[in-house]
Amino acid sequence: MNRVTPIIQALLPAVVIIGAWELGAMFAFDPRFVGQPSQILSYLVAELRRGAIWADAAITFWEIMLGYVLGALSGGAVGFVLGFRPRLARIVEPYILIFSAIPKIAIAPIIIIALGIGIQSKVAIVISMVFFLMFYAVYSGVKQIEPDFIHQARIMGANRAEVIGYIVIPAIAPNIFDGLKTSIIFAVIGALIGEFIAARAGLGYYILNASGAFNINGIWVGVILIVALVFVLTTTIGIVERRVLRWLPEMGAGGNGI
Amino acid sequence: MQIVASMRPGDAAVHAPRGSIQIENVNKTYRENAASLVVALEGINLDLPANSFVSLLGPSGCGKSTLLKLIAGIEKPSSGVVRCTEVVDRVNTGVAYVPQGRGLFPWMTLLANVEFPLKIAGVAPAERRRRALEWIAKVNLSGFEQNFPRQLSGGMEKRGSLARALVTDKPILLMDEPFGPLDAHTRLSLQQQLTQLWEDVKNTVVFVTHDVIEAIALSDIIIVMSPRPGRIADVVKVALPRPRNVLSVPDCDGFVELHAHLQRLLFGEHAL
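So the protein sequences, as listed, match chains D and H. Per our numbering, residue 1 is the first one in the first sequence, and the count goes up by one each step. Per our numbering, residue 259 is the first one in the second sequence, and the count goes up by one each step.
There could be a bad hint or two in this list.
Claimed, not checked - DMTMM-like mimics (lysine to aspartate or glutamate), calculated; alpha carbons at most 20 Å apart, straight line:
no.	chain 1	residue 1	chain 2	residue 2
1	H	334	D	148
2	D	143	H	333
3	H	460	H	441
4	H	377	D	93
5	H	377	H	305
6	D	143	D	93
7	H	334	H	300
8	H	334	H	305
9	H	460	H	333
By construction, these hints were calculated from the structure, which means they are not laboratory data. Small disclaimer: the values here were computed from a predicted structure and weren't measured.
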């Protein structure tokens, strides 16, 4: 019973909300404008059976993953280097601030004109969003490292690579995971922006088509798949995080979920 | 043969015994901002004999932690020379260092922490496991090997820190107010454990503290420092017998005079 109770607790709000929506669509408002859970569900099943939507989901998935990984690696690397090079950072930081302040939605058309309407332009937009988040996460992490930790390791005879591997990376791991978690949702938004502006495939393209055809169920199916994608990515990172950061006080029993 | 004749001044200490520390004409200034310099240490000369327990005693701002960092080589003197057998001109890997605050790396278990300096030194896994476990036992932390520092109390973490510092058999141990933030009971207990461990190991210890009784209880030599600029006010020998019990040190002959003398140095004739 004790194992089942939390599951019921977790699902109860969803049941209430979806139930209210379903009833509302039956009696209170017109489901043609907001959709109806039962219809959305049957449309989802039909679309998944038909199969074409899997290709759209796969394309969006790869846009997100490529952009996410490349953006995280490059942003993290730049943040890492600048964290240890305060003089260089003083020169470069204002430029990074300016570039990060540019609304990516505003320059997305330029990126698409430059890179075409294929996957490259979407990956580039995702990178432009993830890069800055990871940059600031890692940069501030490196700047906050307790100097005593590095001193101790060096007194013990650790060389540069050992200091980085045994001290710096573990010390900033919480910042890295924070950056990775916030980046996911922005990576998804980046890919969708790109697909909304110009694309021939992808879940954003699918949603755009559905809305053009006044297909409310289609829009919701696209949204559901995107949410599922975010959920899988976030959960995966959460599991890795709890494993890697089990030394952190807040990772003990009752620690933060996703 | 007549090497001494060709020596420059100060080189006499080149063949000083392992574990001794010479500090010659050391000054240390910090640039606080564009306009002002802070003199942290001025005209420091010390010759600390090997295998003695030395305390640096003084109020905050007297540069005692800075002096420790110069010996550790993590800061450089503005002028003058620090020598631990050889001139210290980079990070000094000939010392072990117990810093202020929480000492252990929070992302490693106690065992991994104590093994870490041996791992860096290239000691084989089985051997470093054996030595780490031996030292964990000596500081009474057996059974906590797999705990992370967050799962240890402040006093336990300090003992782990001490084990990690002693596991490598370095000739010099530097400790920067290691027992500062602990409660009185834990403090006394750690002072006693440190005394017993040290009377066994007998390496050179430089111990920074602002606590007069702690300095007397632990030390052979007390370097009293005065602040702004940091200078040496006096070098006091503590002739209390060993092995010592830190709890009964105040009852020893000579303690009262020594205590009064140190208080006068720290607070002036008319203070208190």
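Results for each hint:
With a C-alpha separation of about 16 Å, the suggested pairing of residue 334/H with residue 148/D holds against the 20 Å cut-off. Straight-line distance between C-alpha atoms of residue 143/D and residue 333/H comes to about 19 Å, which keeps the hinted pair within the 20 Å bound. About 27 Å separates the Cα atoms of residue 460/H and residue 441/H, which puts this hinted pair outside 20 Å; it is violated. Proposed proximity of residue 377/H and residue 93/D is contradicted: the alpha carbons are some 37 Å apart, above 20 Å.
For the given pair, residue 377/H sits about 33 Å from residue 305/H by alpha-carbon distance, which is inconsistent with the 20 Å threshold. With a CA separation close to 13 Å, the supplied pair residue 143/D and residue 93/D stays within the 20 Å bound. With a C-alpha separation of about 14 Å, the suggested pairing of residue 334/H with residue 300/H holds against the 20 Å cut-off. A threshold of 20 Å between alpha carbons decides the hint, and for residue 334/H with residue 305/H the separation of about 18 Å falls inside it, so the pair holds.
Simply put, residue 460/H and residue 333/H have alpha-carbon atoms about 26 Å apart, too far for the 20 Å limit, and the pair is violated.
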